[in-house]
Amino acid sequence: MNKVMKEMISTLAYLLGVLCLTWLVITFVGQRTEVDGSSMEPMLSDEDNLIVDKITYRFTDPKRFDIIVFPFKPKKNTYYIKRIIGLPGETVQIDEQGNIYINGELLQENYGREIIAPENVGIAINPIVLGEDEYFVMGDNRNNSIDSRKEIVGNIKREDIIGRAWVRIWPLAKFGILKHQ
550 MNKVMKEMIS TLAYLLGVLC LTWLVITFVG QRTEVDGSSM EPMLSDEDNL IVDKITYRFT
610 DPKRFDIIVF PFKPKKNTYY IKRIIGLPGE TVQIDEQGNI YINGELLQEN YGREIIAPEN
670 VGIAINPIVL GEDEYFVMGD NRNNSIDSRK EIVGNIKRED IIGRAWVRIW PLAKFGILKH
730 Q
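Each number in the numbering used here corresponds to the 1-based position in the sequence shown with 549 added.
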């Protein structure tokens with residue numbers, strides 16, 4: 550083969566290697582996602598760009614207060630970003646005053662933007678018993694979030710969790726690792 554042909558084959562092999570490596574990283578390690586809406590304010594804002602860590606949950610279970618990404622099943626190619634409130638096997642309930650109870654005990658947390666209005670308690674007005682592979686999630690902007698309190702979202706199965714929101718990359722003024730706990 551002549552020198553030009555060898556150079557073309559070498560370049561194609563290099564590009565194929567880069568594409569394969571990129572696919573592996575996006576599929577198994579992390580990917581970029583953009584926040585659409587205000588349901589996670591004040592922690593995350595509309596149009597924030599994040600890197601989703603897809604590796605951690607291969608080795609450990611999601612924890613309470615982790616911010617996760619999962620598909621919104623009724624709408625193709627739509628993903629939600631919410632905070633884990635209830636863990637597998639727990640019972641979650643929200644009373645008419647907006648207090649969140651886990652297994653009958655008041656949840657001590659400070660992520661909610663405001664007190665949950667009575668009309669936003671949703672199906673959690675009644676005790677919700679989570680299965681062994683289910684999580685109850687909520688947005689931090691509690692009165693402006695479609696989350697596990699709505700039947701359209703419901704409990705999130707472990708297998709549906711894509712990953713954990715890890716680092717904000719845009720806007721640059723807010724660049725940094727996200728605090729979950």
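Among these hints, one or two may not hold up.
Here are the in silico distance ranges between beta carbons for each label pair [claimed, not checked]:
1. V678 / L655: 17 to 23 Å
2. M557 / E700: 52 to 58 Å
3. D610 / N692: 40 to 46 Å
4. P720 / V678: 37 to 43 Å
5. L655 / D610: 22 to 28 Å
6. D595 / A666: 17 to 23 Å
7. L568 / Y628: 19 to 25 Å
It should be emphasised that the hints constitute simulated quantities derived from the structure, not laboratory data. We put the beta carbon where it would ideally sit given N, CA and C, even for glycine.
Outcome of the hint check:
no.: 1; hint: V678 / L655: 17 to 23 Å; in the structure: 18 Å, holds
no.: 2; hint: M557 / E700: 52 to 58 Å; in the structure: 57 Å, holds
no.: 3; hint: D610 / N692: 40 to 46 Å; in the structure: 29 Å, violated
no.: 4; hint: P720 / V678: 37 to 43 Å; in the structure: 40 Å, holds
no.: 5; hint: L655 / D610: 22 to 28 Å; in the structure: 23 Å, holds
no.: 6; hint: D595 / A666: 17 to 23 Å; in the structure: 21 Å, holds
no.: 7; hint: L568 / Y628: 19 to 25 Å; in the structure: 23 Å, holds
The structure does not agree with numbered hint 3 stated previously, though it agrees with all others.
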